[in-house]
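Chains G and L are the protein sequences, given in the same order.
Using the working numbering, the letters of the first sequence correspond one by one to residues 2 to 115.
Using the working numbering, the letters of the second sequence correspond one by one to residues 274 to 387.
Fair warning: there could be bad hints in the mix.
What the hints assert, rightly or not - Within a straight-line C-alpha distance of at most 20 Å, the following computed EDC-like cross-link-like pairs (lysine to aspartate or glutamate) qualify:
hint, chain 1, residue 1, chain 2, residue 2
1, G, K70, G, D83
2, G, K4, L, E325
3, G, K70, L, E336
4, G, K102, L, D361
5, L, K287, L, E371
6, G, K102, L, E336
7, G, K70, G, D12
8, G, K55, G, D68
9, G, K102, L, E332
10, L, K314, G, D12
11, L, K337, L, D361
To be verified - Cβ-to-Cβ under 8 Å is the rule here; a few derived chain G residues that face chain L:
hint, residue
12, F40
13, S42
14, G44
15, P45
16, I48
17, I49
18, F105
19, G108
Just so you know, the hints here were simulated from the structure itself, not pulled from any lab data.
C-beta atoms are modelled at their ideal positions from N, C-alpha and C, and glycine is treated no differently.
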Amino acid sequence: LAKTTQPISMDSYEGQEVNITCSHNNIATNDYITWYQQFPSQGPRFIIQGYKTKVTNEVASLFIPADRKSSTLSLPRVSLSDTAVYYCLVGVTLMNTGFQKLVFGTGTRLLVSP
Amino acid sequence: GAVVSQHPSWVICKSGTSVKIECRSLDFQATTMFWYRQFPKQSLMLMATSNEGSKATYEQGVEKDKFLINHASLTLSTLTVTSAHPEDSSFYICSATEGPREQYFGPGTRLTVT
Chain G
2 LAKTTQPISM
12 DSYEGQEVNI
22 TCSHNNIATN
32 DYITWYQQFP
42 SQGPRFIIQG
52 YKTKVTNEVA
62 SLFIPADRKS
72 STLSLPRVSL
82 SDTAVYYCLV
92 GVTLMNTGFQ
102 KLVFGTGTRL
112 LVSP
Chain L
274 GAVVSQHPSW
284 VICKSGTSVK
294 IECRSLDFQA
304 TTMFWYRQFP
314 KQSLMLMATS
324 NEGSKATYEQ
334 GVEKDKFLIN
344 HASLTLSTLT
354 VTSAHPEDSS
364 FYICSATEGP
374 REQYFGPGTR
384 LTVT
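Could you build all of it, start to finish, from the sequences and the hints given here?
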């Protein structure tokens, strides 16, 4: 299984851009990189997913270098409500269904202060 | 779209009893669902992969006779914790896949065993 490593915690202030980097040195050719956000006592919420280069949606950008051994989640202009745990995941494709099994790492606890 | 619900949202049961948790995909069909467990301030731990119409695949170390999973339809998977003990108290979260890579999580069920 491709293991992911990310910082345990990060601090930021409102209005700043936050970049969380994740390393996944053993990523397989057909693996995608997905980021989730989780608030206390809630299920994880999908943020963004990518395979290579750059992906952007209404809430974040995901940067993936050519070797795909790392990825960076970029949150523009964070607010207090962005305080949460952010998980970087590399899916394991299940041969029988083609679907991806997700194995969660430790995640990054982001604290946004006023 | 892509909403996953869980019922109940929280449950308290006595030691030795069994409790059933339901996971439903409300607006899509999910041939594959996943069950996770999360202890306080820890990451999600994958327990099992549930495929509609077939037996669940359990992760190493998860007792299949204790955590019974039934995926009877394309929109419903159930997790039954049998003969619950206080150490089974945890936050149980399910997820459902709409496509090969899109995985949506339920809101979670807080189980407390007294």
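Here's how the hints hold up against the structure:
At roughly 26 Å between alpha-carbon atoms, K70/G and D83/G are farther apart than 20 Å, so this suggested pair is violated. Proximity of K4/G to E325/L is assessed by CA-CA distance (about 28 Å); at most 20 Å being required, the pair is judged violated. At most 20 Å may separate the alpha-carbon atoms for a hinted pair to count; K70/G and E336/L exceed this at roughly 34 Å. This hinted pair does not check out: K102/G and D361/L have alpha carbons roughly 23 Å apart, beyond 20 Å.
For the suggested pair K287/L and E371/L, the alpha carbons sit about 36 Å apart, so the restraint of at most 20 Å is broken. The straight-line distance between the Cα atoms of K102/G and E336/L is roughly 19 Å, inside the 20 Å bound, and the hint therefore holds. Restraint check for K70/G and D12/G: the C-alpha separation of about 24 Å exceeds 20 Å, so the hint is violated. A distance of roughly 13 Å separates the Cα atoms of K55/G and D68/G; the hinted pair therefore holds under the 20 Å criterion.
Restraint check for K102/G and E332/L: the C-alpha separation of about 11 Å stays at or below 20 Å, so the hint holds. For a cut-off of 20 Å, the pair hint linking K314/L to D12/G stands: about 17 Å separates their Cα positions. Restraint check for K337/L and D361/L: satisfied, since their Cα atoms lie roughly 14 Å apart, inside the 20 Å limit. Taking 8 Å as the C-beta contact cut-off toward chain L, the hint placing F40/G at the interface is violated, the least distance being around 10 Å.
Interface hint at S42/G: satisfied, since its Cβ lies 7 Å from the closest Cβ of chain L, which is below the 8 Å cut-off. Hint status for G44/G: holds, given a least beta-carbon distance of 4 Å to chain L, under 8 Å. Evaluation of the P45/G hint against chain L yields a held restraint, the C-beta minimum of about 5 Å falling below 8 Å. The restraint placing I48/G at the interface with chain L is violated, with a minimum CB-CB distance near 12 Å, outside the 8 Å limit.
Because the beta carbon of I49/G sits about 12 Å from the nearest beta carbon in chain L, more than 8 Å, this interface hint is broken. Restraint check, F105/G versus chain L: the minimum CB separation of about 4 Å is within 8 Å; hint holds. Residue-level restraint check for G108/G holds (minimum Cβ-Cβ distance to chain L is 6 Å; threshold 8 Å).
Violated hints, listed in ascending order, are 1, 2, 3, 4, 5, 7, 12, 16 and 17; each of the other numbered hints is respected by the structure.
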